[in-house]
Amino acid sequence: MQGITKRFPGVTALNDVSLMVDEGEIHAVVGENGAGKSTLMNVLSGVFAHGSFEGEILFDGKKCVFHGIPDSERLGIVIIHQELALVPNMSIAENMFLGNERGVYFKLNWDETKKRAAEYMEMVGLRESPDTLIKDIGVGKQQLVEIAKALSKNVKLLILDEPTASLNEDDSQKLLKLLLEFKARGMTSILISHKLGEVSQVADHITIIRDGAVIETLDNKTDEVSEWRIIRGMVGREMTDRFPGREGNVGEVYFEVKDWTVFHPLYAGRKVCEDININVRRGEVVGISGLMGAGRTELAMSLFGKSYGSDITGKVFINGREVKLRNVSDAIAHKLAYVTEDRKGNGLVLSNPIRVNNTLASLENVSNFGVLDKDKEISVSKDINNKLGVKLSSIEQHVSNLSGGNQQKVLLTKWMLSEPEVLILDEPTRGIDVGAKYEIYRIINELVADDKAILMISSEMPELLGMCDRIYVMNEGRIVGEFTREEATSELIMASIIRSVNS
Amino acid sequence: MARTKELLRKNSMLIALIFIIVLFEIVINVRSGSYLITPMNITNLINQNSYVVILACGMLICILSGGNIDLSVGSQVVLIGALAGVFLIDMRMNVWLAIGLCLLAGIGLGAWQGFWIAYMRIPAFIVTLAGMMTFRGMAQLILGGFTKSPFREDFTRYFNSFLPGDRPEMRLPVALTAAGVICAVFIAAQIIGRVRKIRKKYDVEKVAVTAVRTAVVCAVAMGIAYMLGLDRGIPVILILLAAVVAAYSYYTKHTVPGRRLYAMGGNEKAAKLSGINTNRILFFAYTNMGFLSALAALVCVARFRAATPSAGMGFELDAIGACFIGGASAYGGIGTIYGAVIGAVFMGVLNIGMSIAGMDQYWQSTIKGIVLLTAVVFDIMSRKRKQAA
Numbered sequence: 019m020q021g022i023t024k025r026f027p028g029v030t031a032l033n034d035v036s037l038m039v040d041e042g043e044i045h046a047v048v049g050e051n052g053a054g055k056s057t058l059m060n061v062l063s064g065v066f067a068h069g070s071f072e073g074e075i076l077f078d079g080k081k082c083v084f085h086g087i088p089d090s091e092r093l094g095i096v097i098i099h100q101e102l103a104l105v106p107n108m109s110i111a112e113n114m115f116l117g118n119e120r121g122v123y124f125k126l127n128w129d130e131t132k133k134r135a136a137e138y139m140e141m142v143g144l145r146e147s148p149d150t151l152i153k154d155i156g157v158g159k160q161q162l163v164e165i166a167k168a169l170s171k172n173v174k175l176l177i178l179d180e181p182t183a184s185l186n187e188d189d190s191q192k193l194l195k196l197l198l199e200f201k202a203r204g205m206t207s208i209l210i211s212h213k214l215g216e217v218s219q220v221a222d223h224i225t226i227i228r229d230g231a232v233i234e235t236l237d238n239k240t241d242e243v244s245e246w247r248i249i250r251g252m253v254g255r256e257m258t259d260r261f262p263g264r265e266g267n268v269g270e271v272y273f274e275v276k277d278w279t280v281f282h283p284l285y286a287g288r289k290v291c292e293d294i295n296i297n298v299r300r301g302e303v304v305g306i307s308g309l310m311g312a313g314r315t316e317l318a319m320s321l322f323g324k325s326y327g328s329d330i331t332g333k334v335f336i337n338g339r340e341v342k343l344r345n346v347s348d349a350i351a352h353k354l355a356y357v358t359e360d361r362k363g364n365g366l367v368l369s370n371p372i373r374v375n376n377t378l379a380s381l382e383n384v385s386n387f388g389v390l391d392k393d394k395e396i397s398v399s400k401d402i403n404n405k406l407g408v409k410l411s412s413i414e415q416h417v418s419n420l421s422g423g424n425q426q427k428v429l430l431t432k433w434m435l436s437e438p439e440v441l442i443l444d445e446p447t448r449g450i451d452v453g454a455k456y457e458i459y460r461i462i463n464e465l466v467a468d469d470k471a472i473l474m475i476s477s478e479m480p481e482l483l484g485m486c487d488r489i490y491v492m493n494e495g496r497i498v499g500e501f502t503r504e505e506a507t508s509e510l511i512m513a514s515i516i517r518s519v520n521s
Numbered sequence: 306m307a308r309t310k311e312l313l314r315k316n317s318m319l320i321a322l323i324f325i326i327v328l329f330e331i332v333i334n335v336r337s338g339s340y341l342i343t344p345m346n347i348t349n350l351i352n353q354n355s356y357v358v359i360l361a362c363g364m365l366i367c368i369l370s371g372g373n374i375d376l377s378v379g380s381q382v383v384l385i386g387a388l389a390g391v392f393l394i395d396m397r398m399n400v401w402l403a404i405g406l407c408l409l410a411g412i413g414l415g416a417w418q419g420f421w422i423a424y425m426r427i428p429a430f431i432v433t434l435a436g437m438m439t440f441r442g443m444a445q446l447i448l449g450g451f452t453k454s455p456f457r458e459d460f461t462r463y464f465n466s467f468l469p470g471d472r473p474e475m476r477l478p479v480a481l482t483a484a485g486v487i488c489a490v491f492i493a494a495q496i497i498g499r500v501r502k503i504r505k506k507y508d509v510e511k512v513a514v515t516a517v518r519t520a521v522v523c524a525v526a527m528g529i530a531y532m533l534g535l536d537r538g539i540p541v542i543l544i545l546l547a548a549v550v551a552a553y554s555y556y557t558k559h560t561v562p563g564r565r566l567y568a569m570g571g572n573e574k575a576a577k578l579s580g581i582n583t584n585r586i587l588f589f590a591y592t593n594m595g596f597l598s599a600l601a602a603l604v605c606v607a608r609f610r611a612a613t614p615s616a617g618m619g620f621e622l623d624a625i626g627a628c629f630i631g632g633a634s635a636y637g638g639i640g641t642i643y644g645a646v647i648g649a650v651f652m653g654v655l656n657i658g659m660s661i662a663g664m665d666q667y668w669q670s671t672i673k674g675i676v677l678l679t680a681v682v683f684d685i686m687s688r689k690r691k692q693a694a
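Going down the list, the sequences are from chains F and Y.
If you read the first sequence in the working numbering, its first letter stands for residue 19, the second for the next number, and so on.
If you read the second sequence in the working numbering, its first letter stands for residue 306, the second for the next number, and so on.
Since the hints were made in silico from the structure, they are not lab data.
All C-beta atoms, glycine included, are put in the ideal place defined by N, C-alpha and C.
Incorrect hints may have been included.
Stated by the list, open to error - Quick list of the computed label-pair ranges, beta carbon to beta carbon:
{"#": "1", "chain 1": "Y", "residue 1": "Val509", "chain 2": "F", "residue 2": "Arg339", "range": "18 to 26 Å"}
{"#": "2", "chain 1": "F", "residue 1": "Asp401", "chain 2": "Y", "residue 2": "Val509", "range": "16 to 24 Å"}
{"#": "3", "chain 1": "Y", "residue 1": "Tyr463", "chain 2": "F", "residue 2": "Lys392", "range": "52 to 60 Å"}
{"#": "4", "chain 1": "Y", "residue 1": "Val521", "chain 2": "F", "residue 2": "Ser328", "range": "55 to 63 Å"}
{"#": "5", "chain 1": "Y", "residue 1": "Leu446", "chain 2": "F", "residue 2": "Lys342", "range": "43 to 51 Å"}
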């Protein structure tokens with residue numbers, strides 16, 4: 019791949035990226051969340067059609083033009099995404115030949131489907147009947163089905179996006195061994211992973227990507243590859259003055275969580291959060307850092323009136339007194355607010371005007387005995403939008419017509435109007451431009467100046483380092499580190515994540 | 306220009322309604338020399354469509370909650386009608402007691418379905434499909450396949466009589482006076498609202514817009530009153546309809562639960578995370594539907610003075626059609642009572658117009674289907690274009 023540049027509205031996701039993968043090697047790609055790894059792989063596998071990006075893809079010396087996934091698959095480039103694309107209620111064999119069915123259009127050849135499926139399953143060491151339903155096998159075996167499916171497409175270049183993220187140690191090792199076997203047979207793989215131990219175990223070359231650009235490519239045999247070197251490559255960037263300063267104003271411990279454990283709502287026995295102990299003081303911004311899937315959002319939502327998870331155990335203290343938050347109304351009554359990371363999916367009612375979204379969590383304050391006081395609502399809405407500087411033509415404008423930054427502000431107004439003391443901000447600046455980010459930071463500073471306690475989840479390391487008084491590091495459902503503003507560096511945080519993975 | 310367009314888009318169904326009224330007026334006049342707008346037809350339009358308006362109000366609440374519909378409405382109507390027959394004809398019960406029991410039974414049917422839909426989260430389509438069969442079956446069991454009639458006059462007069470009843474020469478004066486009072490109240494409300502807005506420094510619309518709207522509303526009210534006065538007087542059912550429409554319009558527009566209903570339909574996850582008990586809203590929507598079905602059932606048995614086993618057939622589809630023609634979104638969260646009423650009147654005019662024009666029944670159904678699809682397609686296309694702009 020040469021000189022790949024991919025722009026999304028407002029962001030340059032990839033900037034002149036070149037990646038060279040030798041035939042028959044395992045090439046690892048590492049980088050932070052949002053560094054551009056997945057975008058690069060989507061370009062390579064034809065998810066982004068030719069013409070939507072700049073640069074060239076050369077495969078086997080020939081220039082490639084992909085208009086969609088089928089084009090790249092025809093050449094033997096197959097991508098396995100982090101979220102597996104299998105149909106739970108279909109059998110292994112059916113899934114394996116989905117979109118590539120055996121037989122003719124109006125008559126499927128079930129005998130051949132099953133026989134071929136069994137062959138590929140044998141190759142990946144999956145001992146199950148081809149008739150077994152996908153939902154009845156574990157994630158590790160599902161991963162094998164995906165690989166077998168790739169083999170059935172005559173794969174030459176296999177791209178694996180975080181294949182071991184949801185696997186346990188045993189299954190992960192099996193998968194890595196399988197990759198090495200394939201390599202011995204001459205297959206090429208690209209492996210995207212956060213687990214540096216695995217990467218240095220199997221990879222021939224390691225390419226580090228940061229902020230949409232390649233930092234360096236290391237040769238695992240000749241270069242001296244240390245964790246520190248990779249980590250520095252992944253996170254090392256200049257800190258600039260992108261954060262408004264604030265006076266220290268930290269008071270007493272206000273919000274405290276003890277021994278908090280949450281189980282997955284669907285998969286019984288899978289712990290999403292385990293023995294979490296955290297606290298937030300008045301006037302303090304506490305960050306939670308971690309990779310995607312570390313359980314941060316799940317923690318936040320389970321704290322917010324058990325809106326996520328099952329079999330939740332642990333205690334929550336507000337101002338030193340234990341409180342029971344059985345549902346969202348309880349949480350709001352105890353002055354908690356949760357500003358979701360998914361503003362369109364979980365936060366805003368897009369088809370409604372700004373005014374309606376403003377007051378949705380505080381309708382009691384703009385009504386008498388269940389009857390809305392429209393005049394009061396209008397004046398409350400005008401005030402808060404003015405205060406936060408939401409750019410609007412009228413408060414009757416539908417939020418679907420606002421920019422991301424303004425939508426985020428409207429989401430914040432909803433929770434500021436509910437008059438909380440504790441705000442949990444989940445990725446408060448995701449997908450908004452630099453200017454709007456700065457304004458959100460200013461709002462956060464105003465909130466803590468007003469003695470609110472703030473818990474901020476973010477995947478952007480500079481944001482956490484620039485805004486937080488204290489940072490917890492979370493990985494695989496546990497708190498694996500805690501740093502004060504003075505101690506915290508990107509390297510330390512990344513290192514505590516990676517150590518917890520390796521241990 | 307943009308404002309005119311917006312005005313046209315918002316009132317597109319009203320414009321379509323006026324268009325088909327004019328169309329039928331011409332077609333009927335050319336074919337038979339008579340008219341669509343006659344005193345008798347206006348009275349009939351109100352009487353024949355009263356149940357659709359009542360049911361459409363309830364159906365709109367269900368649709369708003371997230372695009373859910375209630376298929377069992379027609380069966381609820383026949384079952385409550387049968388009960389009314391048992392209470393009033395077989396048991397000769399006190400009229401008010403019977404009405405109360407019937408309404409309670411309707412609430413019970415609605416609550417039964419609401420429990421499964423809201424708290425067990427069984428898809429509404431399935432629960433109400435089951436209700437459609439169950440309730441009709443129960444009605445047949447009660448009626449034993451026969452019609453119960455006649456209902457007593459002391460019951461039917463609350464739904465199917467005219468004011469003033471005994472003095473024909475007073476009909477026109479009473480109707481016009483009533484309309485005059487309504488116009489006066491409407492004008493006063495417009496003026497008071499405007500003064501209050503100005504005092505609080507809110508934006509107000511142009512005087513001309515208010516004046517034109519007020520003039521149109523008053524003219525239509527007086528016109529209808531004049532027609533009713535020339536026929537049999539003010540139908541009692543019209544007063545009931547006005548009360549139902551006003552109550553539900555207020556509920557959806559001006560109350561906290563109404564606001565929450567729209568929020569839930571617009572984005573249920575966001576509503577939940579804002580502390581809204583969405584299960585309770587859904588439960589209310591279906592319980593309320595049961596209540597309104599019972600009301601519609603009483604209206605129907607009073608009108609025909611009989612509880613028949615085949616009553617209520619297809620009522621749910623009339624109500625659903627009225628909501629969608631009136632601009633409700635099939636995904637929930639969008640729609641108004643005003644729109645649903647316009648939709649119901651639209652369907653009513655279509656029915657009555659085609660009958661008078663002498664179209665045969667099969668053609669009528671075909672045309673109604675096409676109109677329903679056209680209305681929804683038009684609505685969705687115009688909404689899409691608005692997003693693109």
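Checklist entry - Tell me, which hint numbers fail for this structure? => result 1 and 3
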